[in-house]
Amino acid sequence: MTENEQVKLIRTACPAHCGIDCCGILAHVKGNRIVKLEPADFPDERDRRICLRGLVSLDITYHPDRIKYPMKRIGERGEGKFERISWEEAYGIIVTNFKEISEKYGWKSIGWVLGGPGAGTTKFGAYLRLASLTQSTRVSAWGYGDAGLPCGSRVIFGHQFPYLYLFGEFWQRKYPELLMIWGTNPAESMPLQNMRKVLDAKEYGTQVIVVDPRFTVTASKADEYIGLKPGTDSALALGIMNVIFQNNLHDKEFILEHTNGAYLVRIDSGKMLRGKDVDAKKPEAYMVWHESSNFHKALSRTSVKEASLTGTYMINGIECKPVIQVLMDLASEYTPEKTAEITGVNKDLIVKLGKRIATAETVRFLTHMGFTRTYHGDISLRGLISVAAITGNVTTSVNSGHVPGILNWSPFLKAIPGKPSFHRIGILNLYEAVISSNPYPIKALWFAFINFLNQCANANKIIEEFYPKLEFIVQTELFLTPSARYADLILPVCSFLEFSDFLAQPYPYVQLQQKVIEPLYESKSDANIVAELAEHLGFGEYFKGGEEGLIDLIMASRSFEGITRETLKTQARKLPTLPEGASFPLSFGTPSGKIELYAEQLYEDGEALPVYLPPIEAPITPGENKYPLTLVNGHSRFRTHSMFANVKSLLDLNPEPIVDINPIDAETRNISNNDIVTVFNDRARTTLKARISESVQPGILDITEGWWIEQFKEGSLNHLTHDIINPVQDKVYEPNMHMNDVAVEVEKK
Amino acid sequence: MSKSKRLGMIVDQERCIGCEACSVACRIENNSKDFWIKVETQGTSVKDTPVGKFPDLTLNFLPRLCNHCENPPCVDSCPEDALQKRNDGIVILDQDLCTGCKACLDACPYNIIVFDENNHLAEKCNLCAHRVDKGLEPFCVLCCEGQALHFGDLYDPESNVTKILSKDNVFQLKPDEGTNPSIYYIRPKPKRRL
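Just so you know, the sequences run in chain order A and B.
Just so you know, the numbering used here puts 616 at position 614 of the first sequence, and the rest follows in order with no gaps.
Just so you know, the numbering used here puts 360 at position 114 of the second sequence, and the rest follows in order with no gaps.
No false leads were slipped in.
Computed cross-link-like contacts, BS3-like style, restricted to lysine-lysine with a CA-CA straight-line distance of at most 30 Å:
hint	chain 1	residue 1	chain 2	residue 2
1	B	Lys299	A	Lys357
2	A	Lys421	A	Lys110
3	A	Lys38	B	Lys284
4	B	Lys284	A	Lys715
For the record, the hints were derived by calculation from the structure and aren't laboratory data.
Note that the structure is predicted; figures quoted are calculated from it, not measured.
Please work from the sequences and hints to get the whole structure.
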């Protein structure tokens, strides 16, 4: 390579970070080698950014340990012994196995375990399309930590995500008077799209409150830090609501218009009072108590305006209360004293917080999935949203800015209109499907962009009971990860700089993850692997044009009118803006079409209200569990889940797994900084270095997630976690793994 | 000798999230083995841990780099003239002239010059002089996640950095040394408690 050789600049985008940050990247290419990455321009220069992981992406692309060609297992599963084969041989093995297994158990028994594609769309879509065509099983990976949030959001908002309702305006740089950051640590997990705006908001004058069991970097930036015990968020929410109700500070107008707060609940059955219960004209109509006529009325746009929010009413001999009264009754149990006892938060602080939220002009709630990773984490989110709703701090329509993009998912979710598509199973339900054929047998699994063994709960169960039941395992990977070691066949995939994809992120942009160099070695993109496999299975016509064809297909949506693959090669494009004066209502997909502070369908489960239910395992009350400490797992800025754990340039700064221990817990166990300790419970023993830190309160241990199993001296983080299913989450959407709800003890090695 | 410029930097601790992207960016840009920017956690030797008792805690980061001093002791200490104060204020270390005598390491009150054990030469931040000469900002400034780093000419009354200096409560490291660093820091803002 000569000094004069011309440097080509190619704009691409990093899809790694769960789709939120999605930094534009400008790659400098000399010949066929990328020599440098830097943050690419954005139409708004404030959005130009990169994170420390994005900066070292070349260390992934040019990593010496990359898997270079297809390999088939020659040793025992887990042993890591493989031999090189050709792509044609690999496809041959797959087709033979799929044929045999589908003849024996049906295509349903073949599952595609698709992990976090980041902001990637077609690499995910390609698998869905093939799963749809073959009517095999799509294993949804929401449940490996991310299902709690949609479970809660679906119940109360009727929507998968709560973001637009709670802080969409924040993404438009409209900063509130008060910002509640609850259950998320954007400083490490979403530093650019979220944290940078938190800092901007503070500069603008926003007061920032952080609610988190750990004193995180985000917490360090807060004006007030609320350090509660893990899994007690809904108790705190009820305590806050109690303060608001006691002081009569709730926003009655908003509650009447946008929530089911005025709807009458039958105290005998826990169901909503309906027209049929009182012989009204419309049998299914919800009923309200009409104040001026002092009589019940069917819900209508006019009747609700004068509906009562409080009181107890006998209607046709049925005792009824408006939802808000039922919620008040529950909240009244959560006095500041009791809330303080459960959550560990100072009682005066709870009172101040409740009053501040209720009296601030605007409050936005920046939240994500951290606090939803406890057994009742879905209710924690409902508690937070209930606080937002009773104070009128839920956004109900977008009145300016860019319309969120809608991808053309239908040809991926249903490849042939009118024909059945794939079956779907949650990743936590997959354990039972594989181990006990419940609800049906799964015999072959294809893992893509997922480090399953490393990142899913109860590793010993996976190794001892799960893997042995599988007849065939395929993994597409860049590295021989702890999971790839258990595959029968490993297919080499490209790093993000070696293939193209469409990224509808970060708001308000869309970007092209543009191929910068040709795939290294014999690697291919997931989309191209699927396209070639489809050809072998007789579905080639659905994947014409490979990854670029799929990009054009997913972009075929009105959202992206005027934006093409070609125009995205040089710059990110903004989504279309709302016309002047137009507004975009954010509807609620709940049964009532309103924010459901009360969900009657969960009455039998005892979860109609955002109740506080203690964690399933985390020993919140001392002495109630034989393992007295709660293990949580924060996210580290040095990794995106288990990605980057093997990158030397970052290991130089952060060389090995550590467990954070509060000085009080350390002292009673005679543990000092840098001691080697073992964290243990009935499931496993995990040995690693200790760090004494006040960032965790007494009773809590924190091991950041994502370290690979072999980086621990013994065990690993997910050897300690459990795979208990929350049946309500299973019913509502998909059960979540509860990695922040784990009981352990620690001892000096 | 009058200097035409005094290029320097302001580090806003309020916006620093301690991510170390500056350290990583610097090492990539300068192809160095060591980190020339070190992000310290203030008040403790245990990195990334807060000071105080739960929940009354503080956690502040202090990215440290060559201070490009107005009166740089390292320049005076170097017997080979490998260290020079440029007219624009950058203190530059020319490795071609360095013999690895380590005099500058002893002279620097900030302990920020590093010694590369592989080639036995001293090395340090040159404020990305190679970029600055092309009209670009130092790479760490471009890559700062929190936008906590501000670069500019401290002599220019219209520059972004001069404007910040005039309104914020800034400090320099070890002012008693009389070096007059060109790297300034803004303290975190006081908390607005509930």
